[in-house]
Amino acid sequence: MTVPPLPQDFLRLPVAHRALHDTAQGRPENSRAAIRAAIEAGYAIEIDLQPSADGVPLVFHDYDLSRLTEARGPVRDLTAAEAGRVPLGHGDGEGIPTLAEVLDLVAGRVPLLVEIKDQDGALGPDVGPLEAATAAALAGYAGPVAVMSFNPHSVAEMARLAPDLPRGLVTDRFEAADWPVPADRRAALREIPDFDRVGAAFISHQAKDLGRGRVQDLRRAGVPVLCWTIRSPQAEADARRLADNVTFERYLAALPA
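The sequence shown begins at 1 in the UniProt record's numbering and counts up one residue at a time.
Hints were generated in silico from the structure; no laboratory data involved. Some hints here could point you the wrong way.
[Said to hold, decoys possible] Between beta-carbon pairs, the in silico distance windows are:
#1 ALA136 - MET1: 17 to 25 Å
#2 ALA139 - PRO233: 32 to 40 Å
#3 ASP238 - ARG85: 39 to 47 Å
#4 ARG160 - ARG214: 24 to 32 Å
[Stated by the list, open to error] When the alpha-carbon atoms are kept at most 20 Å apart in a straight line, the in silico EDC-like pairs for lysine to aspartate or glutamate are as follows:
#5 LYS208 - ASP178
#6 LYS208 - GLU249
#7 LYS208 - GLU191
#8 LYS208 - ASP244
#9 LYS208 - ASP238
#10 LYS208 - ASP172
#11 LYS208 - GLU236
Keep in mind the model is a prediction, meaning the values are calculated, not measured. Just so it is clear, CB atoms sit at the ideal spot from N, CA and C, and this is done for glycine as well.
All chains should be modelled from the sequences, with the hints used to inform the complete structure.
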């Protein structure tokens, strides 16, 4: 299996988590305003994808609308057009964007790291439609872009659909409080057993768990290790001793000179 390498700009530029969001400045998570701010500042951008009712990738983190908008219910129950009319909270009235709209907005000016949210519910094999729609949207995109997911099956599907697209695994301690999946599945995922199988080029690991042996073994083997989510300069300094780049929010990470 061909493993496309992660472009170096993903290691050079700090990655703005869900774009450069700041609700006090009218920039909600994954909003156009937050994306424009990240581009202007020169940061790489991380975004999240959920599917719409009509199969369009929406740039939205949560499965439910209630935390990020004044609406209620699953985001996947809305068509893309309906989602576009749901204002993001603390914003300027803009609705939920599609991946295609974000690609047009970024237009290759900064690296774009795309997380495909798990649709199986248990990080299992029930995947496919969102990955296919994502691959179609990214076909022909000329800028630096990579995809990733907590679900190894999703990453394997992206390898099948878009073999030339850099891909990685989002990895974690997989604690029971955060992941309502069987204990044996969580224990297995902690050790990142699918890295080679899915043709991953990198991982993005939970910052508090960067010292895990498997993570550092991959890094010593030359695998780029990103991490999430860094929220202070001190946390960034600590993480950079064990990772190659950071995904940050709530402060401005230092850019390279």
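To see whether the hints hold, each was checked on the structure:
no. : hint                        : in the structure
1   : ALA136 - MET1: 17 to 25 Å   : 21 Å, holds
2   : ALA139 - PRO233: 32 to 40 Å : 39 Å, holds
3   : ASP238 - ARG85: 39 to 47 Å  : 42 Å, holds
4   : ARG160 - ARG214: 24 to 32 Å : 25 Å, holds
5   : LYS208 - ASP178             : 14 Å, holds
6   : LYS208 - GLU249             : 15 Å, holds
7   : LYS208 - GLU191             : 15 Å, holds
8   : LYS208 - ASP244             : 15 Å, holds
9   : LYS208 - ASP238             : 10 Å, holds
10  : LYS208 - ASP172             : 9 Å, holds
11  : LYS208 - GLU236             : 11 Å, holds
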